[in-house]
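Engineer: Take a look at the letters that make up each chain.
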Amino acid sequence: MRGHSPDPRALLLGTLIYVGFVASFPRDALVGLAPLALLAALGVVLAPLSARVLARRLALAAPFALMVGLGSPWLERRPAVQVGAWALSAGWLGFAVIVLKVLLSVTAVIVLTAWASAARLSLGLRALRVPTVLVTQIVLLGRYLDVVRREALSMRRARDLRSAGAGRARQPRVVAVMLGVLLNRSLDRGERIHRAMLARGFDGTMPALGRLEWRLGDTVLLAVVTLGCVIARVLPLAEWLGRRLLG
Amino acid sequence: MHMADALLSPTVGIGFYGVSAAALGWSTRQLGRSVEPRLVPTMGVLGAFVFAAQMLNFAIPGTGSSGHLAGGLLLAAVLGPAPAFLCMTSVLLVQCLLFGDGGLLALGCNVFNLGFHPCFVGYPLYRLVAGKTPTPSRRSLALGAGALVSVELGAVSVALETVASGRTPIGLGTFAALMAGIHLPIGLGEAVVTAAAVALLWRLRPEQARPQPDAPRQAWRRMVTAVGLAAALGSGVLAWFASARPDGLEWSLARAGASPGAGDEVASARAWPQVSGRTSAEGLGGAAVVLLLSAAVTLPALLWRRRRSAVARPIP
Numbered sequence: 001m002r003g004h005s006p007d008p009r010a011l012l013l014g015t016l017i018y019v020g021f022v023a024s025f026p027r028d029a030l031v032g033l034a035p036l037a038l039l040a041a042l043g044v045v046l047a048p049l050s051a052r053v054l055a056r057r058l059a060l061a062a063p064f065a066l067m068v069g070l071g072s073p074w075l076e077r078r079p080a081v082q083v084g085a086w087a088l089s090a091g092w093l094g095f096a097v098i099v100l101k102v103l104l105s106v107t108a109v110i111v112l113t114a115w116a117s118a119a120r121l122s123l124g125l126r127a128l129r130v131p132t133v134l135v136t137q138i139v140l141l142g143r144y145l146d147v148v149r150r151e152a153l154s155m156r157r158a159r160d161l162r163s164a165g166a167g168r169a170r171q172p173r174v175v176a177v178m179l180g181v182l183l184n185r186s187l188d189r190g191e192r193i194h195r196a197m198l199a200r201g202f203d204g205t206m207p208a209l210g211r212l213e214w215r216l217g218d219t220v221l222l223a224v225v226t227l228g229c230v231i232a233r234v235l236p237l238a239e240w241l242g243r244r245l246l247g
Numbered sequence: 001m002h003m004a005d006a007l008l009s010p011t012v013g014i015g016f017y018g019v020s021a022a023a024l025g026w027s028t029r030q031l032g033r034s035v036e037p038r039l040v041p042t043m044g045v046l047g048a049f050v051f052a053a054q055m056l057n058f059a060i061p062g063t064g065s066s067g068h069l070a071g072g073l074l075l076a077a078v079l080g081p082a083p084a085f086l087c088m089t090s091v092l093l094v095q096c097l098l099f100g101d102g103g104l105l106a107l108g109c110n111v112f113n114l115g116f117h118p119c120f121v122g123y124p125l126y127r128l129v130a131g132k133t134p135t136p137s138r139r140s141l142a143l144g145a146g147a148l149v150s151v152e153l154g155a156v157s158v159a160l161e162t163v164a165s166g167r168t169p170i171g172l173g174t175f176a177a178l179m180a181g182i183h184l185p186i187g188l189g190e191a192v193v194t195a196a197a198v199a200l201l202w203r204l205r206p207e208q209a210r211p212q213p214d215a216p217r218q219a220w221r222r223m224v225t226a227v228g229l230a231a232a233l234g235s236g237v238l239a240w241f242a243s244a245r246p247d248g249l250e251w252s253l254a255r256a257g258a259s260p261g262a263g264d265e266v267a268s269a270r271a272w273p274q275v276s277g278r279t280s281a282e283g284l285g286g287a288a289v290v291l292l293l294s295a296a297v298t299l300p301a302l303l304w305r306r307r308r309s310a311v312a313r314p315i316p
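Chains as they are written, first to last, in our numbering: chain P, 1 to 247; chain X, 1 to 316.
These are calculated hints, taken from the structure and not from any lab test.
The structure displayed is predicted, hence computed values, not measured ones.
Hints are not guaranteed to be accurate.
As the list claims (entries may be wrong) - Short derived list, chain P residues pointing at chain X, Cβ under 10 Å: (1) 24; (2) 44; (3) 46; (4) 57; (5) 134; (6) 149; (7) 214; (8) 215; (9) 217; (10) 221; (11) 222; (12) 224; (13) 227.
Beta carbons are placed, not taken as given, at the ideal position from N, Cα and C, and that holds for glycine.
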């Protein structure tokens, strides 16, 4: 890859702008929304992200929006577009817009996280004036995520082995006891960590590791995203293209 | 229950960012005042706990499916509302940025739905129902009520945010009732699990499970004012936008009201005339070409990268 990744501030702002513009299209504006896919494609090409990550995140994020989106074809059956002998109803058009929006907004966030490591993202958040307590909190959360998760996994495995697939294993009360124990262990660990941190001179805030440097490339990145979004928002690009090719 | 970017208009998204930011500002100030430095690492670990807890699925009573803890009220009961809100905010931020669960624009909504309700509605309700010196069963009942109410409020908020964004033809009443119904068993599960987990913690470490000392009444009043102001500002902007661009709020109102279809016509004519006008077959063709082009650019890049990364993984 390139020698350095873009500044996390540029990435955060660019993603927010892009996601905002994607969301700003009304629910029947499939044609207007389509050109924004080119920006997402550009991001996917430039950022070091893999197909597997993309697919996994999409599978996680899509279901709820799609379920809500499926309400449209049900409720709006009047035809919206006539293509030859085939009429597309307003509902299915609305559903297509939701599908495309899910695809684009999820891709944007994935491009963001593929490009910026968690450490650089937290630097960027701090530089963007997100409260220090929150940033410290995120850094600590990231550090202990794996530790506590491993604890939960081993508890789950132990339960599954003990219950040998019996139906009671997933009862809320059983899980609640496990959660209580996990919570207790987490609190113990929190105290231990705090003592260890005090021993190393912790004063309530995490020291910032690394420095941010805004380069020309970051300005270009932000400008391309913003301009691209504005152009796609005000000019009917796909409509023009369609007329050129088909009309 | 995470709100998605695809169901949100920028106005509503930014409005809820404002509301959540007001609550966040209050919480950080509250935390800065009652400095308990031990709390900082504990909050970090408990944020990780919320993540881990989501791997322990439980069967949702009365249904065949399973769910996991949302955890907002559990955190509030252990840490107090202000630290718990910060903790939930960090969890949702990490979920959004690192795991792609819930979008970036929807973050303000998600913090409101899953953090604000349990910490600032559910928790006061729990304290109210529990009273000064509760018996164990009354405490459990109070925790359960708080958890159930928070989950239901979150579910109804999702419907409210989607409809206010004008992103679905489903009416607000229907949508809210549907969400509330679906989340009833989920909320009951949350209630049972929260109450039982806190009861256990009460036995293991009584000093931690005891309700945290309250913020002074004056501070609460300031917070209510701040959140109310943010909400008023948000809905003011919302109303202004809705009158300038009838494709959002008014559209859904027109839809729900007497003149179905009237809203669409106005919306197409006035809002952003070029792009959101009536969809034409040519436009659809152009859109298809653009989308195919995007896919044609993206897919080879992804596939090629996978092959290459098998040899040497690029370091981001």
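Engineer: Compare the structure with each hint and give your call.
Structural biologist: Checked hints:
no.	hint	verdict
1	24	5 Å, holds
2	44	5 Å, holds
3	46	9 Å, holds
4	57	4 Å, holds
5	134	6 Å, holds
6	149	5 Å, holds
7	214	19 Å, violated
8	215	17 Å, violated
9	217	16 Å, violated
10	221	15 Å, violated
11	222	15 Å, violated
12	224	15 Å, violated
13	227	16 Å, violated
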